[in-house]
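*Asks:* One-letter residues, chain by chain:
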Amino acid sequence: MSTIRIAGAPGVATLMLLLAVVPARAQMNEGPVQFHGFFTQGYAISDHNNYLTMNTSQGTAQMTDGGLNLTWQVNDKLRVGAQVYDRYIGDLGKGRVSLDWALVDYRFRDWLGFRAGRVKTPLGLFNDSQDQEFSYTWALLPQAVYPLDLRETYNAHTGGDLYGAIPLGRKGYVSYQMYAGTVPSDYRTGFLYGIEDAGFRNVTYSGRTTGYDLRWTTPVSGLMAGVSQSFSEREYEGELAAAPIIIKGKAKTYFSRQTALYAEFVHGPWRLDAEYRAWKSLTRILGPPPLPGRSGQNTPGWFAALSYRVSKLVEIGAYRSQYKFQELLDPVVTQTGPGANHVDDTTVTIRLDPTPYWNIKVEGHFIDGFGSVLSARGFYPRYHPQGIQPNTNMLVVRTGIVF
Amino acid sequence: MLRLALAMFLVLGTSPAQTRAASYVVIANPNLADTEVSGSDMRRIFLGAVTRIDGKPVQPVVARSGDAHKQFVADWLGKTESGLQNYFRTLVFTGKGSPPKSFATTVEIIDYIASTEGAIGYVSLDANLTGVVRLEPK
Numbered sequence: 325m326s327t328i329r330i331a332g333a334p335g336v337a338t339l340m341l342l343l344a345v346v347p348a349r350a351q352m353n354e355g356p357v358q359f360h361g362f363f364t365q366g367y368a369i370s371d372h373n374n375y376l377t378m379n380t381s382q383g384t385a386q387m388t389d390g391g392l393n394l395t396w397q398v399n400d401k402l403r404v405g406a407q408v409y410d411r412y413i414g415d416l417g418k419g420r421v422s423l424d425w426a427l428v429d430y431r432f433r434d435w436l437g438f439r440a441g442r443v444k445t446p447l448g449l450f451n452d453s454q455d456q457e458f459s460y461t462w463a464l465l466p467q468a469v470y471p472l473d474l475r476e477t478y479n480a481h482t483g484g485d486l487y488g489a490i491p492l493g494r495k496g497y498v499s500y501q502m503y504a505g506t507v508p509s510d511y512r513t514g515f516l517y518g519i520e521d522a523g524f525r526n527v528t529y530s531g532r533t534t535g536y537d538l539r540w541t542t543p544v545s546g547l548m549a550g551v552s553q554s555f556s557e558r559e560y561e562g563e564l565a566a567a568p569i570i571i572k573g574k575a576k577t578y579f580s581r582q583t584a585l586y587a588e589f590v591h592g593p594w595r596l597d598a599e600y601r602a603w604k605s606l607t608r609i610l611g612p613p614p615l616p617g618r619s620g621q622n623t624p625g626w627f628a629a630l631s632y633r634v635s636k637l638v639e640i641g642a643y644r645s646q647y648k649f650q651e652l653l654d655p656v657v658t659q660t661g662p663g664a665n666h667v668d669d670t671t672v673t674i675r676l677d678p679t680p681y682w683n684i685k686v687e688g689h690f691i692d693g694f695g696s697v698l699s700a701r702g703f704y705p706r707y708h709p710q711g712i713q714p715n716t717n718m719l720v721v722r723t724g725i726v727f
Numbered sequence: 002m003l004r005l006a007l008a009m010f011l012v013l014g015t016s017p018a019q020t021r022a023a024s025y026v027v028i029a030n031p032n033l034a035d036t037e038v039s040g041s042d043m044r045r046i047f048l049g050a051v052t053r054i055d056g057k058p059v060q061p062v063v064a065r066s067g068d069a070h071k072q073f074v075a076d077w078l079g080k081t082e083s084g085l086q087n088y089f090r091t092l093v094f095t096g097k098g099s100p101p102k103s104f105a106t107t108v109e110i111i112d113y114i115a116s117t118e119g120a121i122g123y124v125s126l127d128a129n130l131t132g133v134v135r136l137e138p139k
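The listed protein sequences correspond, in order, to chains A and B. With our numbering as the guide, the letters of the first sequence map in order to residues 325 to 727. With our numbering as the guide, the letters of the second sequence map in order to residues 2 to 139.
Just so you know, not all the hints are guaranteed correct.
Cross-link-like lysine-lysine pairs, in silico, DSSO-like; alpha carbons within 30 Å at most [to be verified]:
1. K71/B - K102/B
2. K604/A - K574/A
3. K572/A - K636/A
4. K574/A - K648/A
5. K139/B - K401/A
6. K139/B - K80/B
7. K418/A - K648/A
8. K495/A - K71/B
9. K495/A - K139/B
10. K636/A - K418/A
11. K139/B - K604/A
12. K401/A - K80/B
13. K636/A - K80/B
14. K495/A - K57/B
15. K604/A - K636/A
16. K604/A - K572/A
17. K636/A - K71/B
18. K57/B - K71/B
19. K576/A - K648/A
20. K102/B - K401/A
21. K495/A - K80/B
22. K139/B - K71/B
23. K57/B - K401/A
24. K576/A - K418/A
25. K102/B - K636/A
26. K401/A - K495/A
For the record, the hints were derived by calculation from the structure and aren't laboratory data. Source: prediction; values computed, not measured.
With the rest of the complex left out, here is chain B:
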């Protein structure tokens, strides 16, 4: 029974990033170009559990809405849009953290990441990635 439950969790919990085409790309400031980021790192970075990866400071940047945001949040953080919003609000109202920087448009996200060392975020596939590097989380 326990094995069946574990198998069910593993099937349900398989990251959709591994099973369907993503509508977004993960991007970062060029100073993170050589940094290897795992799926677990992604979760820790965007949920505020870490501030450094491989000794380098990292700063998550999130979109406020959109298809890329929705899919990224589901793929890497295992949450819905409202679930992520509630997670950040819980940090704020328990005094245990602050929400990450957020922007309404792709251009704002890219501009901020390009000009901020350690910044990491995501934008839609068709965005112009000038000034940032593309990451391939494993």
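So that you can see chain A by itself, here it is in the shape it has in the complex:
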């Protein structure tokens, strides 16, 4: 099992306690054994809809996460380590401590290394670092590309990776990662809630993934560009929730491909990030009517983000992100009307760094659209018994510490 329930106390509270009692000198950050951690707490309030499974329309502080890791650099080639992660963001995570990554890393050469165990999956600019809010300007990453509610479905894999860096002379260098493995099943995630809201219950699933990431550190100072692809398969079992008798069904997503094209450019205090994500999936459904025979989805997204470091204390930024939903095979069931089949988010942020280890962010989101019940992305029917409004304005305040 990859999750641990700490008896008598939610995992988040335990993490808070751990972070509070860990003395700074215990960080051991100069030796071969290193101990690090982070913890964040947020508050979100919105005008209409409830976002990301949180009760944001009433204002909520149920937006907590944190992680602790221990790493041992055994020698200059071999490293082992593990990290636990816990989140309680609305109904996401629900305070269970999970094994985030745990790996053995052996670097044969600079151009060839190997990792085995549970490894964070590289996909686009931020997939493997999306929990590390201290590393980016925003309180929430652009949800069109990095949906918080789908984190567990492609954040890590259990298997093996090859990686390395290849010099290109005066043209900079290319870092690569290739991977294959299974995807951990998590039943406290928007992926499951989306399937349930589409009319199923008692759902179980498992999956596999392969993929690669290539990122080119160009000779132009501050410019990095890359491409990633992941190819996944998933199998599901569940029951039709609305049927008076038990109707069991099986499904297999036999094709799910995500392609990310991305770039980062840093020039002095300015930073520009942009990413386009194509995501297409095809699913075959086995079971008696009224279960449909097949389903296919095309869900592209993109964002462009600009930030400016005003001083050591202050950073400001804004981004625009867009997500689109298109049902490929059964267009007759696609929702219509204002707000359907897209989520466009314009966001402005101010970030304060009182110390190198502590930040505070205040962020405004101006969201048009709610996506589709067939591909829930932030907005779920179960949290909107009166229906989902087409627009959402939301304020997020988030603070984090890291050591």
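Given the coordinates of chain A, work out where chain B should sit on it, guided by the hints.
*Replies:* Just chain B, lined up with the frame of chain A:
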């Protein structure tokens, strides 16, 4: 349009090391005295992408703060101080690497580099460079 964008990147991305006086010197252990280090090598060494140059092990050493640190990071790594710190933290929290050795003072940096084969770092121009060699990355 593409040419215009490329030209803009090249102008903006020209290394400031080539256009303004540096407030630091790049130094190394004497065992790297004959090693030629390019700008691309500098980036790869300090961002953890390589551990050997010309077959010799290299180990980056960084300062924790200061003007020399700020300018070095901007010139050779194309990052801000906080951007570099976040880069190292990302390695740590994704399990994909460790941050380099860091020191608070020039004396500590020079002492460590002088006593560690393959160590490479940077200090302010007025530092006493006894025990280390000066490198001139191209």
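*Asks:* If a hint holds in the structure, say so; if it does not, say that too.
*Replies:* Now the hints, each set against the structure:
1. Restraint check for K71/B and K102/B: satisfied, since their Cα atoms lie roughly 17 Å apart, inside the 30 Å limit.
2. Only pairs whose Cα atoms come within 30 Å are accepted, and K604/A paired with K574/A is accepted, the gap being roughly 20 Å.
3. For the proposed pair K572/A and K636/A, the alpha carbon gap of about 58 Å is over 30 Å, so the pair is violated.
4. For the proposed pair K574/A and K648/A, the alpha carbon gap of about 27 Å is at most 30 Å, so the pair holds.
5. The suggested pairing of K139/B with K401/A holds, with an alpha-carbon distance near 29 Å, which does not exceed 30 Å.
6. For the hint linking K139/B to K80/B, the alpha-carbon distance of about 19 Å falls within 30 Å, and the restraint holds.
7. As the CA atoms of K418/A and K648/A are separated by approximately 28 Å, the hinted pair is consistent with the 30 Å bound.
8. Restraint check: the Cα-Cα separation between K495/A and K71/B comes to about 24 Å, which is no more than 30 Å; the hinted pair holds.
9. With a C-alpha separation of about 14 Å, the suggested pair K495/A and K139/B falls inside the 30 Å cut-off, and the hint holds.
10. Note on K636/A and K418/A: the hinted pairing is violated, with a Cα-Cα distance of about 35 Å set against a maximum of 30 Å.
11. Only pairs whose Cα atoms come within 30 Å are accepted, and K139/B paired with K604/A is rejected, the gap being roughly 45 Å.
12. Of the supplied pair hints, the one linking K401/A and K80/B holds, its CA atoms being roughly 27 Å apart against a limit of 30 Å.
13. Distance check on the hinted pair: K636/A and K80/B sit about 14 Å apart at the alpha-carbon level, within 30 Å; holds.
14. Taking the CA atoms of K495/A and K57/B, the gap is about 22 Å. The hint holds against a cut of 30 Å.
15. For the given pair, K604/A sits about 42 Å from K636/A by alpha-carbon distance, which is inconsistent with the 30 Å threshold.
16. Among the hinted pairs, K604/A with K572/A is consistent with the structure: their alpha-carbon atoms are about 26 Å apart, no more than 30 Å.
17. Only pairs whose Cα atoms come within 30 Å are accepted, and K636/A paired with K71/B is accepted, the gap being roughly 12 Å.
18. Annotation: proposed proximity of K57/B to K71/B holds, straight-line Cα distance about 27 Å (limit 30 Å).
19. Taking the CA atoms of K576/A and K648/A, the gap is near 23 Å; set against the 30 Å cutoff, the hint holds.
20. Restraint check for K102/B and K401/A: the C-alpha separation of about 16 Å stays at or below 30 Å, so the hint holds.
21. Between K495/A and K80/B the CA atoms are separated by roughly 18 Å; this keeps the pair inside 30 Å, and the hint holds.
22. Taking the CA atoms of K139/B and K71/B, the gap is near 20 Å; set against the 30 Å cutoff, the hint holds.
23. For the given pair, K57/B sits about 15 Å from K401/A by alpha-carbon distance, which is consistent with the 30 Å threshold.
24. Restraint check: the Cα-Cα separation between K576/A and K418/A comes to about 27 Å, which is no more than 30 Å; the hinted pair holds.
25. Under the criterion of a C-alpha separation no larger than 30 Å, the hint pairing K102/B with K636/A is consistent with the structure, at around 23 Å.
26. For the suggested pair K401/A and K495/A, the alpha carbons sit about 27 Å apart, so the restraint of at most 30 Å is met.
Checked against the numbered hints given earlier, the structure breaks hints 3, 10, 11 and 15 and satisfies all the rest.
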